[in-house]
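Engineer: Chains as they are written, first to last, in UniProt numbering: chain A, 1 to 558; chain B, 1 to 312.
Check before you lean on any hint, since a few could be wrong.
[Claimed, not checked] Chain A is faced by these chain B residues, among others (derived, beta-carbon under 10 Å): (1) 55; (2) 56; (3) 143; (4) 274.
Rather than coming from a laboratory, the hints here were simulated on the basis of the structure.
Source: prediction; values computed, not measured.
Cβ coordinates follow ideal geometry from the N, Cα and C atoms, glycine included.
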Amino acid sequence: MKFIRKISIVVALVFIISAVLGGIVPVSSQKVEGASKKVVTFTMFSADATVQYHPDIFSTAIGQEITKKTGVRLKIEHFVGMDQATKISLMLASGDLPDLVYGSGEHKQFIQNKALVPLENYIQKYGQWTKKAYSSADLKKLRQADGHIYFLSYTRGEVSPSSMGEGLYVMIDMLQKNNWPRLKYWEDLVPMIRNYVKKYPKYKGMPVIGMSAITEGARFYVIQDPATGLNGLIADTVQVDPKTYKASYDPAGIGMYKAYKALNALWNEGLFDKEAFVQTYDQWAAKVAQGRVVTSWGRSWHFNTAFNTLRKNGEDDRILVPFGIVFKGVKKSRYVMLQSIGTRDGVSITKKCKDPVRAFQFLDQLLNPEVQKLMFWGIKGRDYLVDKKGKMYRTQAMIDKARDPVYQKQEGLGYWNIWPRWQLKLPDGNYVKPELDPDIAYMQWAPAQKKVLDAYKAKTFVEPPFADEPESPPWGYAWEINIPPEKQKEIQVPLNIANDLARKYIPMLIMAPKGKYDEIWNKYKAEVRAKINPKPIEEFYTQEMRQRMADWYGIKVK
Amino acid sequence: MDAVYYTESKKTFWQKVKEQKELVLMIFPFVLYVILFHYVPLWWWVIAFKEYRPFQGVWGSEWVGLQQFKDLFSDSGFWLAMRNTIVISFLKLVTSFAAAILLALMLNEVKNMLFKRTIQTISYLPHFVSWVVAASIVISVLSPESGILNQILMSLKIIKQPIVWMGEGHYFWWILALSNVWKETGWNAIVYLAAMTSIDPELYDAASVDGCGRLQKIRYVTLPGIAPTISMLLILNVGWLLNAGFEQVLLLRNPLVQDYSQILDTYVLDYGITMYRYSYATAAGMFKSVVSILLVLFANKVAAKLNASTVV
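Generate the whole structure from the sequences, applying the supplied hints.
Structural biologist: Shown next as structure tokens:
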């Protein structure tokens, strides 16, 4: 017993000492930094949840090169989980902000709560590269409602040839067995799904699912896409008249009746995923990765891991490709949207930043073409080559290596999406990102995906027959607009209630038993009419849209 | 002249402190902890009467009086959340109490120590699994296509079509209650088992002499023996009646059961914090705390009337 007692005392002591020392003794990497000449370390928070994050990006080969060139090292805290709003809300309430922030979809809240440093004066004074990479028209669009610029946005109004595309995702195997049909209309797609599932009810012993969708938590918007998508509308908070810039808002309108009735028919045939509304995102992804989902609603980035698994398992003909499916009679599909520059989000400097000038200079230095090449292409000779004419390119081996997550992590490739960048090309004529180069884009697809492109004589998944001309409304998008705090109750609360009603009724509509659809629809419509007053919402967005047209293009509408 | 008597009670406060300085030192860190983490934050309740904006600070924000509470009580969503909270936590309270006492009674009857310990360990292990893992286990067990429950019921020919367990509001309440039982019963039973060991064995012998069987011993010796523990835990738990299990609900809910899964905590999250309405969220939280305090006092009164042990 005595022995055990001694041991336990020793263990306890070790715990206490290590806990105390852990707080005091600096980590060795900081020492190394101190030795090299004056490297500034900034803290940062990033809420970018669409990509896998790197635990310490500035320790990678590319990160270290960037520190050498800019003299800045970042300590980045990453958002984990799904609910950015909660995290950012609590961060703002506590006032405990890092030097730099990127808030993703919630970035506007930092602006709203006046937590950010306006950049326009810095751009004038120190922005030598910024002024080259962002035109004065760009800078105009970057101005927020209060007239200040808070970030240099990374979305640059271009469609990437290596984008997986948007729309309704359809399995390659079904396309091949139907001899590569030119899919455009819902009415043509449904019989195809029906026949395919009848002919191949099982894959590897598991039931094949005709159509699935993501509905979990914050990703519920995916199942709202059919309403706009199938009817050829833009997926946005409000619909805007292109002539008068008048916004209209109707949560029980926008073609929902027809769209969910179509899905309801699928459901009653047993073709719609029975678990669609009770499954988690991971369960959905697993089904796609098992290769038994024939068509699915979802945005391109939701499919990444599942497709990688299929590709690794050599089942790349079970990968899905997007089609801009619409109802017969609709002229143009509007799934692929051009992200207009500016209004959305980007990396910002907070008012808590200890040296905002230095922080801005860092952002500016990132726009130096040399640094841009590092960020997006990697290290010369290892990640890309340059031919005699000065054109940057990658070999197939380099492309494959750049796709490998282990290599990405060690090199620091593919983690620089949210930073300011040039539009499409650098001043020397090279593409900013390898993905923007059509040749490289083609080379990185899986064999079956290449076969699809060849069969349809297309170069990318964002051109016909996969998508129509990308949509780019001149006024941007309503979902990017900041709702001022004093209007929260009048606008944000009804929008949330409408969203909750949609969450409740869309599943009910899709799952409605035969002949009950109209009854549920009428209930939904009545509840929306009773609970939501669209007037203030429409007025607010109309005013905002017209303001934008006036500010950006000098177009005034009365 | 009156004599002056120095008795114990006449000592001044500081004298007493000096005399008991070791005890005071020992309690000091905990008092400090309670003040720092349980009383200082209460100061923030002030924002429930304001329209709080972080950049204006607490004092810079505008006073709105009881507006936040008016908004709260006039929102039908809040009352729905209230109903769900009470139903869910009531279900959970009843089931978890019954299950824990039952398990403890049964374990107490087991005479084989090795078997008893094994069962006990197995039964309280799920307590250490986080709800994140537990929720995904629950969801996959109940899933209509691949879930084991539906497969068993189907193969036993009890049902013809798989049932979407997670898709029906009333099922959802029971799923919350029963999954809570699965996770916590073993853990909750420990307290009762401990209480049972303190029952005087002579009482059992006396009962045997009086001709009691096993069930009668449980009825007349064991249960009365743990009655004070039961009533105390009941009072403590009543204070949590407005906590229907935030994590559990958040992880298990889905759009189909929205009207049944919205509890006060998720309501505060959905309509307060994630919408940056700090004051509104605080008002809702404040309401919850006040009601909880009243519930504890009420339960305590009832227990005192019934002549059982009380906590306050």
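Engineer: Could you run down the list of hints and mark each one as holding or not?
Structural biologist: Now the hints, each set against the structure:
no.	hint	result
1	55	holds, 4 Å
2	56	holds, 9 Å
3	143	holds, 6 Å
4	274	holds, 4 Å
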